[in-house]
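*Asks:* Below are the chains, spelled out letter by letter.
Number of protein chains: 2
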Amino acid sequence: MRQTQLFTKTRKEAPSDETSKNAQYLIRAGYVHKELAGVYSYLPLGLKTLNNIVSVIRQEMNAIGGQELLMSALQDKELWSRTDRWDDAKVDNWFKTELKSGGETGLGITHEEPLTRIMSEQVSSYRDLPILAYQFQNKFRNELRAKSGVMRGKEFMMKDMYSFSKDNDAHLEDYNKIREAYIRIFNRLGIGEKTYVTFADGGIFSDFSEEFQTLTDSGEDVIYVQEGKKIALNKEVYTDENLAKLGINKDELVEKKAVEVGNIFHLGTRFSDAIGLKYKDESGSEKSVVMGSYGIGPTRLMGTILEVLADDKGIVWPKEVSPFAVHLVRLGVNDTTVKFADDLYNDLKDKGVEVLYDDRDARPGEKFADSDLIGIPIRFVISDKTVAEGKVEVKMRTSSDSQLVSVEEAFKLI
Amino acid sequence: MRQTQLFTKTRKEAPSDETSKNAQYLIRAGYVHKELAGVYSYLPLGLKTLNNIVSVIRQEMNAIGGQELLMSALQDKELWSRTDRWDDAKVDNWFKTELKSGGETGLGITHEEPLTRIMSEQVSSYRDLPILAYQFQNKFRNELRAKSGVMRGKEFMMKDMYSFSKDNDAHLEDYNKIREAYIRIFNRLGIGEKTYVTFADGGIFSDFSEEFQTLTDSGEDVIYVQEGKKIALNKEVYTDENLAKLGINKDELVEKKAVEVGNIFHLGTRFSDAIGLKYKDESGSEKSVVMGSYGIGPTRLMGTILEVLADDKGIVWPKEVSPFAVHLVRLGVNDTTVKFADDLYNDLKDKGVEVLYDDRDARPGEKFADSDLIGIPIRFVISDKTVAEGKVEVKMRTSSDSQLVSVEEAFKLI
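Residue numbers (numbering that gives the first Met the number 0), protein chains in the order written: chain H, 0 to 413; chain G, 0 to 413.
Worth double-checking, as some hints may not be accurate.
Which copy is meant is left open, so a pair is good if it fits within one copy or across any two.
[To be verified] Once the Cα atoms are required to be at most 20 angstroms apart in a straight line, the calculated EDC-like pairs of lysine to aspartate or glutamate come out as:
hint, residue 1, residue 2
1, K76, E120
2, K8, E67
3, K76, E97
4, K234, D272
5, K366, D341
6, K95, D75
7, K95, E142
8, K47, E59
9, K11, D311
10, K146, E97
11, K146, D200
12, K33, E97
13, K8, D127
14, K146, D75
15, K146, E103
16, K318, D87
17, K146, E407
18, K229, D75
19, K390, D310
20, K350, E408
Just so you know, these hints were derived from the structure itself, not from any lab.
Predicted model, so just to flag it, every value in this text is computed and none were measured.
Just chain H, same shape as in the assembly (with noise of 0.2 angstroms):
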């Protein structure tokens, strides 16, 4: 795309009530607008990122046989009263409305409920089990203050998965599946090295569950980890009975701020249960389908990737989350320069490459800075000097070096 068709523009100061860096960034390179605290539109550049990474996640949930699905955000009070999810005094971030046709509903703050009812209209044998279905859906979650911007909003998007298994042994092993997922999905978004799966409270089912925090600065989270071994604890199993039971040392662990980046639980019967979900087994009798919840917030990650491996210039992304795969850079106005990079840009949309074509008539380090702002991963310059030798110049986000090279090579190098 050409960026003096893009309708948005770069911005030197973000504003001065934005205190996170991802909110920052995002505002000042224009991939988000803020609309009020903690609920952000989506511009051209951050929706193409966001759905790169929505489209990694979905292929990682749909190479395990997930089903995918989307639920609505209104949700039936009487159904969240039979888990007794509904009263406020139980869960305190609903948010509630009345309906005009009587009565009142909710924004879904996630989905057990409503999936647990489906399923109970789909499931009645054995045979129709295990059951992985995902969504992608904007969670409201009525939060008291936002100050992570794209990290905790109101309205966020959240991919959730939910398990349906005949027994606790048919869960753990879709669980185990889901959890390896999780594991490749963060490796290739770039913060695999950074995240930790980590011990936390296992509620009624289990002594413990795992959710998946990424080491950061930014987070709201405390955890202790063991770098090395990659183990890590949340602040809320941090005790001597729980380090003896795992056999840590904790003299070996260390305090970090991080994020939850993503999250697996084992729910048991306790929803089947509630909303009556039971299907025959192989000797006609009946049982409670056993199930688990699997949450990861792309929105969330969107903001973490970027917390992680921006820079003081600008926003780095990793080359399967960038909205573009390549930003060429034009400088100079002369023909035959103009001709070059909008020859390179023409070949590059043939090939299929995604790329941000910087055609505005502006100063070199006003360009730059931009590109640094905006973070793709390849940079390809084109300037009188380079089309003189008919190279290009190719620099990496990650590199302060950069390189003079021929169109083919230049090619291979994305």
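Go by the hints and put chain G onto chain H.
*Replies:* Just chain G now, with coordinates in the frame of chain H:
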């Protein structure tokens, strides 16, 4: 996808409170689940269908230079007060809710206000115009009655595009470009012939506005059409004065029921003046941006396409809409028959054909009834008999005849 893996099943009956054909068929075939009156979740078949509709619209919006973004559902009360559209006395279908952080928010019924504000931060010169921006986003409208299935929801998907132009002439150019794109969309979605560009009330900006109305008895609107000349007027402008103005003879018009599948509005400078969206023209003087807005509801379209094309056996999807290109139905459980069908399934998948494979061990009558209900355009039947001849029985959903052809010929028919 193998039907034994699909988590939905067909059912004999829809809920008794569903009176619309679209909701009855969509629920029975496993496309949607009803959460509340006027609120539906999209199950795997339904989401695939919806995504196909979205994909056609997106292609046409991108082809005319549309830039996609994604705005929030949660809205800023202060912003909507500036255009006097917050007050319930002025706009009566808001869902409003309290923010725990203080104040009130509402769920977006449309997005002129937030997008105008976004543009006011991006546009400064005539060089920045025109801009066409659009999104696929869920709207929320607090409807009193919801009896038309997915054709009128309290929560529904909308493609809303907005145009930003420097003056009225430039606006009309953009408007006509979008109008043509809409006509292409309805043609591609199989309802072009039944869809009329219909004169409607122009509000304060022009004599008439235009809406796209599709003829169907399930529609909630009444329009007056001249079928030969493809002229139509909606009820609000059906006056002798307007007929004279348009040069239409009243006797030629027939009253028909229809559903509004798209609308296109001239907005003038109402929103840009109220919110402060201005630009500097060629001479340096400040002007207000001229706007238009353009809506198509993909979920409503899904219901409309169904209503227009379905028959008494079930759904009939056009090619570009159907969740799968081919329904491969296996009859018989002989090893050779199963192997033939499995191989054909894998061949189809390898060639990139979207195929639903009915690999269930069920009676032929049940399988055919389900296949008719689900509505995929082409059916391939593999039975002991066809396998003995090394052939495939091919039947179009819209035809009562089938033909026995070779595998190669069957592929060509897709």
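*Asks:* Would you mind marking each hint as holding or not holding in the structure?
*Replies:* Hints, one by one, checked against the model:
When the C-alpha separation of K76 and E120 is checked against a cutoff of 20 angstroms, the pair qualifies only within one copy, where the shortest distance is 19 angstroms, while the shortest distance between copies is 40 angstroms. With identical chains, the CA atoms of K8 and E67 are at most 20 angstroms apart between copies only, with a shortest distance of 15 angstroms across copies and 35 angstroms within one. Within a single copy, K76 and E97 get their C-alpha atoms as close as 11 angstroms, and across copies as close as 17 angstroms, so both meet the 20 angstroms cut-off. When the C-alpha separation of K234 and D272 is checked against a cutoff of 20 angstroms, the pair qualifies neither within a copy, at 31 angstroms, nor between copies, at 52 angstroms.
In the homo-oligomer, the alpha carbons of K366 and D341 lie at most 20 angstroms apart inside one protomer (17 angstroms), although the nearest pairing across protomers, at 56 angstroms, exceeds that limit. In this assembly of identical chains, K95 and D75 lie within 20 angstroms of each other by CA distance both inside one copy and across copies; the values are 11 angstroms within and 17 angstroms between. When the C-alpha separation of K95 and E142 is checked against a cutoff of 20 angstroms, the pair qualifies both within a copy, at 13 angstroms, and between copies, at 16 angstroms. For the homomeric pair K47 and E59, the shortest alpha-carbon distances inside one copy (19 angstroms) and between copies (18 angstroms) are both at most 20 angstroms.
Taking identical chains as interchangeable, the C-alpha atoms of K11 and D311 lie at most 20 angstroms apart only when both belong to the same chain, with a minimum of 14 angstroms there against 62 angstroms between chains. Only between protomers do K146 and E97 lie at most 20 angstroms apart by alpha-carbon distance; the minimum there is 19 angstroms, versus 29 angstroms within a single protomer. When the C-alpha separation of K146 and D200 is checked against a cutoff of 20 angstroms, the pair qualifies neither within a copy, at 25 angstroms, nor between copies, at 46 angstroms. Taking the shortest alpha-carbon separations for K33 and E97, only the inter-copy value of 19 angstroms comes in at or below 20 angstroms, while the best intra-copy value is 27 angstroms.
Proximity of K8 and D127 under a CA criterion of 20 angstroms is satisfied inter-copy only: 10 angstroms between copies versus 52 angstroms inside one chain copy. Taking the shortest Cα distances, K146 and D75 sit within 20 angstroms of each other only across copies (18 angstroms), while inside one copy they are farther apart (30 angstroms). Taking the shortest alpha-carbon separations for K146 and E103, only the inter-copy value of 19 angstroms comes in at or below 20 angstroms, while the best intra-copy value is 30 angstroms. When the C-alpha separation of K318 and D87 is checked against a cutoff of 20 angstroms, the pair qualifies neither within a copy, at 43 angstroms, nor between copies, at 47 angstroms.
Proximity of K146 and E407 under a CA criterion of 20 angstroms is satisfied in neither setting, with 46 angstroms inside one chain copy and 61 angstroms between copies. Proximity of K229 and D75 under a CA criterion of 20 angstroms is satisfied in neither setting, with 42 angstroms inside one chain copy and 44 angstroms between copies. Within a single copy, K390 and D310 get their C-alpha atoms no closer than 29 angstroms, and across copies no closer than 63 angstroms, so neither meets the 20 angstroms cut-off. Taking the closest pair of Cα atoms, K350 and E408 come within 20 angstroms of each other only inside a single copy of the chain (14 angstroms); across copies the shortest separation is 33 angstroms, beyond that limit.
Going down the numbered hints, you'll see the structure goes against 4, 11, 16, 17, 18 and 19, while the others check out.
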